[in-house]
Amino acid sequence: MRVRLLDIAHARSGDKGDTANVGVIANKPEWYPLISRELTQQRVVKHFAGMLTGGVDRFEVPNLYALNFLLHGALGGGGTLSLKTDAQGKVYSTAMLRMVLDVPDDEARALGLPAA
Amino acid sequence: MTERVVRVAGGQGFWGDSLDAPRQQVENGPIDYLMLDYLAEVTMSILQKQKERDPAMGYARDFIGAMDSVLDAVTERGVRVVANAGGVNPPACATAVQAVARKRGKSLRIGVVTGDDLLPRLDDLIAKGHSLAHMETGEPLQAVRDRVLSANAYIGSEPIVEALTRGAQVVITGRSTDTALTMAPIRFEYGWSATDYDRLAAGIVAGHIIECGAQCSGGNCLYDWRNIPDLANVGYPIADAYADGSFVITKHPGTGGRVSVATVSEQLVYEMGDPHAYITPDVIADFTTIHLEDAGPDRVRVYGIKGSAPTDKLKVSIAYRAGFKAVGTLVYSWPEALDKARAADGILRERLERLGLHFDEIVTEYVGVSATHGALAGEAPPDIPEVQLRVGVRSDDRAMVERFTREIAPLVLNGPPSVTGFAGGRPKVEEIVAYWPALVDKSVVQTTVEMVS
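Listed in order, the protein sequences are those of chains A and B. Just so we're aligned: the first sequence equals residues -10 to 105 in our numbering. Just so we're aligned: the second sequence equals residues 6 to 458 in our numbering.
Among the hints, a few may not be true.
Simulated crosslink set (BS3-like; lysine-lysine; CA at most 30 angstroms straight-line) [as the list claims (entries may be wrong)]: (1) B/320 <-> B/54; (2) B/133 <-> A/73; (3) B/311 <-> A/17; (4) B/311 <-> B/133; (5) B/311 <-> A/79; (6) A/79 <-> B/433; (7) A/17 <-> A/35; (8) A/79 <-> B/320; (9) B/433 <-> B/54; (10) B/108 <-> A/73; (11) B/447 <-> B/54; (12) B/108 <-> B/56; (13) B/318 <-> B/56; (14) A/35 <-> A/79; (15) B/111 <-> B/320; (16) B/433 <-> B/56; (17) B/447 <-> B/318; (18) A/79 <-> B/54; (19) A/73 <-> B/433; (20) B/318 <-> B/133.
Read the hints as simulated data drawn from the structure, not as lab findings.
Please build the complete structure, drawing on both the sequences and the hints.
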C-alpha cells in the first residue's frame, strides 16, 4: 500500500549555517518503528537529490518517536549569504513529508495506516 | 504542603517578536521570571553597526518598551526579568531601562553582564594562537579579519546566577546562550551546583522549549494546525520547574494556542543537531533522554533528562562583511504565466551577460511553483493563474549588484507580457553580514557582573 509520510508524521525544520535540520515525528508512537525503518539515510539522500551540495546525517530520537536529519549544503550558503526564499530551511520539513512509502498491505492494515 | 515550583515565562522568541507578549505574560497569571530572548545569529552585527553610529546604542531597543510594559509587575509583584537584550552594549541598555524606571518614579536593581564581547581583543587572541577557525570549513579567522564586525562568546548561566544572587530584579546580558536565560533562574532558585549535570541539562531543555516563544505553544505547529484554537490570542509558554529537574510546559489559562506533546516535540527537534550532545557552556544535554507526558489540557510534563560535563571551549559568534546582494521580483499572470516568467529570466540573464556583469551567485526561483520544494514539488499544474519570478544575485562588487537592480524594471515594458507586481520600485542593494562560528578556550573569557540601581 502507498502511504504518504505526510499522513503518518509531522515535522519541523531549522538551520545551522548552510545545513538544514529536519525533525520527523511519528503521529502515533506505534508508527515510529515503520518510519524509522523506511527513512534510511540513503532514502533521504535520494529524496533530496539535486537539492543538497553535501551529505545527510541521520539520528534516531526514539524517546520522542522522532528522527533527525541534517541536510548539509541545503541552503545556498546559509543565513544572510543565501539568495533563496527559504534561506533558513524553514520548510524543508514539508519537503521531507512529500515522501511516499511502500508499506506491505498486512502491516499497513495492522497499523491502521491511512492509504495515499 | 504543595511542591515548590519556579515559573519561568518566555515572552520573546527573537528581536521582532510580539510587542505585547511580555506584558501578557506578567498580566495573565502569576509568574516568577520573565525570560526574553532577543538575539539571533546575525543580530549582534546589526547592533554593532548601530553602536558604531551612536555609542549609546547597540542593544535590542524593543526591550525598553517591554520593560516599560512590565515595570509594575517587577517593582510591585517581584517578577524578575532575564534578557539578552544587551546585545553589544549591555551597560547602555541598563541606562535606558533605568531612565524608563526613573520617569515612572520607580527604582530598579539591574545586574549587567559583560565580558562576552571579544571584538576589542580579537588581534590579541589571534596573536596568542587562537585561530578562531570556522567550525564548518576550518578556515582561520585571519582570512576575513579585516572584515569582522562583531565577535561575541556565547556565555552560560554563571554570571546570571551571580546577578540574581546579588539581588538583581532585572538581568541584562550580551551574547548569553538563549537556553541559559531560562536555566539560570531555575538553577539559582534551587541552588544547583556547576556539576549537577542532569538538573542543569533539564534547565537547558526547558530553555530550548520556551526560547522561541509561541513556537512551542501552537505557533508554526504543523500537527493538527487547523484545530489549534485562537492563535490570534496565542499564549506564550511557561516552564514550571521543580527541584528534581522535571518541569511542566504550560501557558496562562484563557489564552489561545495549544501546549501538547505534539507542539513540544516539534519545538524540541527545531534546530536540532546531534540529539545525544546539545552542547552549552554549562552542560551537554542528551535530548535522547527527554521524556514527554500529557499532564492535562495545555500541560506537558518533561522529565528524565540526563546531562554530562561541558567542554573546555565556548562557541564564538563572529559576524563579517561578505559582499552585497539584491533580489528582484516580478509577477506574471495567466495565460502561460510560467512560460512568460521563464522567458523573462532568460532575457534578463542574456542582458546581464551582455553588460559584462558576473556574479558569485545568481539564483532564479518561481514562487508559486518550485521556490521552496524545488523538483520535489513536481510539474506545475497546467496554466497556473500566476507566478512570481524571483531573481537574486550576490557579488563583492557593489556596483555590479547595483547595476543588476536597474535591469528588473525595464522588463515590465521590454520583456514578455502580462507582467505586474512592481510597485515596490527598484530592488534594494543589501550589504551581506555573514556568520562565522568558531570555538575559543573557556579560560580566555571572563564575565563580569555589575549592579546598577
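Right, here's what the structure says about each hint:
Between residue 320 of chain B and residue 54 of chain B the CA atoms are separated by roughly 22 angstroms; this keeps the pair inside 30 angstroms, and the hint holds. Of the supplied pair hints, the one linking residue 133 of chain B and residue 73 of chain A is violated, its CA atoms being roughly 39 angstroms apart against a limit of 30 angstroms. Restraint check for residue 311 of chain B and residue 17 of chain A: the C-alpha separation of about 25 angstroms stays at or below 30 angstroms, so the hint holds. The straight-line distance between the Cα atoms of residue 311 of chain B and residue 133 of chain B is roughly 36 angstroms, outside the 30 angstroms bound, and the hint therefore fails.
Of the pairs offered as hints, the one joining residue 311 of chain B and residue 79 of chain A holds, with about 29 angstroms between alpha carbons and a cut-off of 30 angstroms not exceeded. At roughly 24 angstroms between alpha-carbon atoms, residue 79 of chain A and residue 433 of chain B fall within 30 angstroms of each other, so this suggested pair holds. With a C-alpha separation of about 26 angstroms, the suggested pair residue 17 of chain A and residue 35 of chain A falls inside the 30 angstroms cut-off, and the hint holds. With a C-alpha separation of about 24 angstroms, the suggested pair residue 79 of chain A and residue 320 of chain B falls inside the 30 angstroms cut-off, and the hint holds.
Taking the CA atoms of residue 433 of chain B and residue 54 of chain B, the gap is near 18 angstroms; set against the 30 angstroms cutoff, the hint holds. For the proposed pair residue 108 of chain B and residue 73 of chain A, the alpha carbon gap of about 46 angstroms is over 30 angstroms, so the pair is violated. Among the hinted pairs, residue 447 of chain B with residue 54 of chain B is consistent with the structure: their alpha-carbon atoms are about 27 angstroms apart, no more than 30 angstroms. A C-alpha spacing of about 24 angstroms is found between residue 108 of chain B and residue 56 of chain B, which places the hinted pair at or below 30 angstroms, so the restraint holds.
Of the supplied pair hints, the one linking residue 318 of chain B and residue 56 of chain B holds, its CA atoms being roughly 28 angstroms apart against a limit of 30 angstroms. A hinted pair counts as satisfied when its Cα atoms are at most 30 angstroms apart, and residue 35 of chain A with residue 79 of chain A qualifies at roughly 20 angstroms. The hinted pair formed by residue 111 of chain B and residue 320 of chain B fails the criterion: a straight-line CA distance of about 38 angstroms is larger than 30 angstroms. Using a Cα cut-off of 30 angstroms, the hinted pair residue 433 of chain B and residue 56 of chain B holds, with the two alpha carbons roughly 23 angstroms apart.
Pair hint residue 447 of chain B plus residue 318 of chain B holds up; C-alpha atoms about 5 angstroms apart against a cutoff of 30 angstroms. Of the pairs offered as hints, the one joining residue 79 of chain A and residue 54 of chain B holds, with about 27 angstroms between alpha carbons and a cut-off of 30 angstroms not exceeded. Annotation: proposed proximity of residue 73 of chain A to residue 433 of chain B holds, straight-line Cα distance about 16 angstroms (limit 30 angstroms). Proposed proximity of residue 318 of chain B and residue 133 of chain B is supported: the alpha carbons are some 16 angstroms apart, at most 30 angstroms.
Consistency with the previously given hints fails for numbers 2, 4, 10 and 15, ordered from lowest to highest.
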